[in-house]
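**Q** Since chain G is already given, all that's left is putting chain Z on it; use the hints.
Number of protein chains: 2
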Amino acid sequence: MNEFDLIRQYFQQTDTERADVALGIGDDCALLQPLAHHHLAVTTDTMVDGVHFDERLTPADLAYKLVAVNLSDLAAMGAVPCWVSLALTLPSSDQTWLSEFGQALAHQLRHYQVALVGGDTTRGPLTLSLTAQGQVPAGQGLTRSGAAVGDVILVSGHLGDAALALNQHKLTPLTASQCARVEARLFRPTPRVELGLTLRQLASACIDISDGLSADLNHILERSSKALGGANASMSTVSLGACIDADKLPVSAEAVSVLGEQGAAANALNGGDDYELCFTVPATRLNEVIAAGKKANTPVTVIGEIVADGGLQTYYLGQAVDWQAQGYLHFSD
Amino acid sequence: MNEFDLIRQYFQQTDTERADVALGIGDDCALLQPLAHHHLAVTTDTMVDGVHFDERLTPADLAYKLVAVNLSDLAAMGAVPCWVSLALTLPSSDQTWLSEFGQALAHQLRHYQVALVGGDTTRGPLTLSLTAQGQVPAGQGLTRSGAAVGDVILVSGHLGDAALALNQHKLTPLTASQCARVEARLFRPTPRVELGLTLRQLASACIDISDGLSADLNHILERSSKALGGANASMSTVSLGACIDADKLPVSAEAVSVLGEQGAAANALNGGDDYELCFTVPATRLNEVIAAGKKANTPVTVIGEIVADGGLQTYYLGQAVDWQAQGYLHFSD
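So the sequences go chain by chain: G and Z.
Residue numbers for the first sequence follow UniProt numbering, so the first one is 1 and each next one is one higher.
Residue numbers for the second sequence follow UniProt numbering, so the first one is 1 and each next one is one higher.
No lab work stands behind these hints: they were computed from the structure.
Just so you know, even glycine gets a beta-carbon here, dropped at the ideal spot from N, CA and C.
Misleading hints may appear alongside valid ones.
What the hints assert, rightly or not - A short, non-exhaustive set of chain Z residues, derived as facing chain G with CB atoms under 8 Å:
| id | residue |
| --- | --- |
| 1 | CYS29 |
| 2 | LEU31 |
| 3 | LEU32 |
| 4 | LEU40 |
| 5 | ALA41 |
| 6 | ASP45 |
| 7 | ALA76 |
| 8 | ARG110 |
| 9 | GLN113 |
| 10 | VAL117 |
| 11 | GLY118 |
| 12 | ASP120 |
| 13 | ALA227 |
Stated by the list, open to error - A few chain G residues that don't get close to chain Z, going by computed Cβ distances all over 12 Å:
| id | residue |
| --- | --- |
| 14 | ALA76 |
| 15 | LEU197 |
| 16 | ASP247 |
| 17 | SER257 |
| 18 | THR284 |
| 19 | GLU305 |
| 20 | GLN319 |
Just chain G, same shape as in the assembly (with noise of 0.2 Å):
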C-alpha cells in the first residue's frame, strides 16, 4: 500500500459535492471556483500528538476536532466554509486509524457541505494540519480590529470546560455521564459558524476563543486599538481597555462541582480550547445580536464592556481580581 492508494481508499469517502470544485483530488492541485464579489478567508490549524491532545482522542475525535477547530476560524470571520486540505503525518499506514479517521472526517465535512480538495499524506511522527477556505461577501468579513469604547462584550456558549478535562486527574468527582460531558468539549468542539454567519455586519469585532478568553479578548484590544490609532500610532498612546465581569461568564454545572463558582469563573477566563466566538457590539444593537443567537440556535451572554484604557480588567461580584490573564501559549516556557 503505498501513498497514493491510502488517500484514494480514505479519502475518497469525503464526498461532498460542491459545483465550485472544477477539479477535486487526484492532480497536482484542486481547481476551485471562488464567488465574484467574495473575499476568501484562509486559515490554518495544527495539531500535534502529546502537545494538542493526547491518547484520550480517538480517530474520530481527532478528525472532529481537527474541522472544528479551523471552521471556527471561519467562524469568526463570518465566512460560509467551503474548502478544506489535509497535511496527514502518520507514522504507519495503520488501516483501522485511517478508516475511523477517514470515515469521521467525511462525516464532518458533509455536515457543514465542505469538500476536502487535496492535501499530502506523509510518514512520520502523528501531525494533523488542516488549510480550510470560506468565503464571505467582500466588505463584510468579521475582524478583530473594529471594537470602540462602549461596545458591550459577549461570549457564545459557555467556557472552561474544555480546559477543565486537559487534566483528567481532576474529573474524578464527576460521574461518568458528566465526565464525558466535559471531556466533549474539549475532544469535539462545535465551531460556532451559523452564529458568525448572523454576526456580520453586527458584530463590531469577533475572534473565536482558542488561547483563552482573557488572551483572545486582549487581542481584539490589541488589534481595535492599532486600528484607532492608525499604522504610525504608537500602541501606548492608544490603547482600549476591557471590563469584565468574570462572575457573569457561563459555565457548566460540572465546572463549578468541581472547581466552585470562583474557581470556576477564573478557569473560564483563563482556560483555552473553548472554540467559542468572543465578539464585541455597539449597546444600541445588542438586542439585535440576542436575536441572532436565537436564530443562531447559539447562546450568547453578555459579559463585559470595552472601555478608554486600563486593558484588561476583571471584577468578580463588582471587586476588581487580578486573575492571571494568560492564556494558552504552545511556546511559553
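**A** Relative to the frame of chain G, chain Z by itself:
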C-alpha cells in the same frame, strides 16, 4: 517568547505586498480577493525531518525547497502563484533556525511575488507543510488527463540529480563544485513556473516530477485513459501507453560520470524529487512548445510519444528495456 511573538518576529519579514490581500497575518483568517473568471489552484506539500530531508539541508534550504515543491505543483497546472499558508512544527523556538528560515522564506516568496497570508506555528517534531494557492483563467488549467495517442512527451530541465544526491556516498567521485551542483538540485529545486504559464492552452497534459518520471508519467496515462473512457469505463478497456526513449532523457554530466550513460538514464527514469515538468503536446504543436521553452528560458526535451496501449514502455538505443518503473512511494515497504 510565545507562539505569537515568534510568528510576528520572523514571518513579518515576508513582506511581499499584494493588493489582493485584504487582510494578512494577524487575524483568525486572511481575507483574499480572487480574480474574476479565474480558478484557484490549491496544493499542499509536507516535508518531514528524516523522511523528506536530512541534516545536510540548512534552514534556508528547507525554506527554498518547501516553496519550490509547492510552486512546482502550481506550475504543473499553469497557475500564477499568489498566496501561501505555512504550518510549521518545531521542537523548540530556536531563534537562529527561525531567523535563517524566515529570511530565506521571505526572499523566495518575494522572488515569486507570493504573499505569506497565515499559518500555524506549533511545538513538536520538525515538520513543514505549506498550502500554496495560484490562479489560472477558468478553463485554461493544465491537468494530467488530456494526453491522446500521438502526443509527443517532453520534460523540462534535466533529471536524476536529486535522486543521485539522496545518497551522499555516491557523490564521492565528484569534485566539490560538481557535488554542490548535484546537491543543489535536491536541496533547492527550481519550480518551472514560467514554463507552466507558457504551456497553457498548448500542453494536452502536464504533471510535475516528484515521485520520479516513470511513476508520474503513469499518473498521466491513468488519468488520461480514464478521461478518454468516461466515468464508467473500466481501466482495463481503455488504457493509453507511452514509449520512452530512455537514451534521450536529459541528464547531467555529473550523473553520467558517476553512474555511466545507461545508469544515468535509468536514474533519470526512476529517481524522484526532480520538480521538473513532464508534459504532452499534439505533434503538430511541437514547434510552439519549443518556442515556449525558449520564452520561459527553460530547456525542454522530447523523450517519447503517447501510444494506444501497453502502459509505459522504455527503450534504450532502440532496444526494449525493463528497468523497474517505480517512483518514490512514501509508504511503500
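**Q** Next step is simple, just say for each hint if it's right about the structure.
**A** Taking the hints in turn, this is what the structure says about them:
{"no.": "1", "hint": "CYS29", "in the structure": "4 Å, holds"}
{"no.": "2", "hint": "LEU31", "in the structure": "4 Å, holds"}
{"no.": "3", "hint": "LEU32", "in the structure": "4 Å, holds"}
{"no.": "4", "hint": "LEU40", "in the structure": "4 Å, holds"}
{"no.": "5", "hint": "ALA41", "in the structure": "4 Å, holds"}
{"no.": "6", "hint": "ASP45", "in the structure": "5 Å, holds"}
{"no.": "7", "hint": "ALA76", "in the structure": "4 Å, holds"}
{"no.": "8", "hint": "ARG110", "in the structure": "20 Å, violated"}
{"no.": "9", "hint": "GLN113", "in the structure": "18 Å, violated"}
{"no.": "10", "hint": "VAL117", "in the structure": "6 Å, holds"}
{"no.": "11", "hint": "GLY118", "in the structure": "6 Å, holds"}
{"no.": "12", "hint": "ASP120", "in the structure": "4 Å, holds"}
{"no.": "13", "hint": "ALA227", "in the structure": "11 Å, violated"}
{"no.": "14", "hint": "ALA76", "in the structure": "4 Å, violated"}
{"no.": "15", "hint": "LEU197", "in the structure": "14 Å, holds"}
{"no.": "16", "hint": "ASP247", "in the structure": "28 Å, holds"}
{"no.": "17", "hint": "SER257", "in the structure": "32 Å, holds"}
{"no.": "18", "hint": "THR284", "in the structure": "25 Å, holds"}
{"no.": "19", "hint": "GLU305", "in the structure": "22 Å, holds"}
{"no.": "20", "hint": "GLN319", "in the structure": "30 Å, holds"}
Hint violations for this structure: numbers 8, 9, 13, 14, all remaining hints satisfied.
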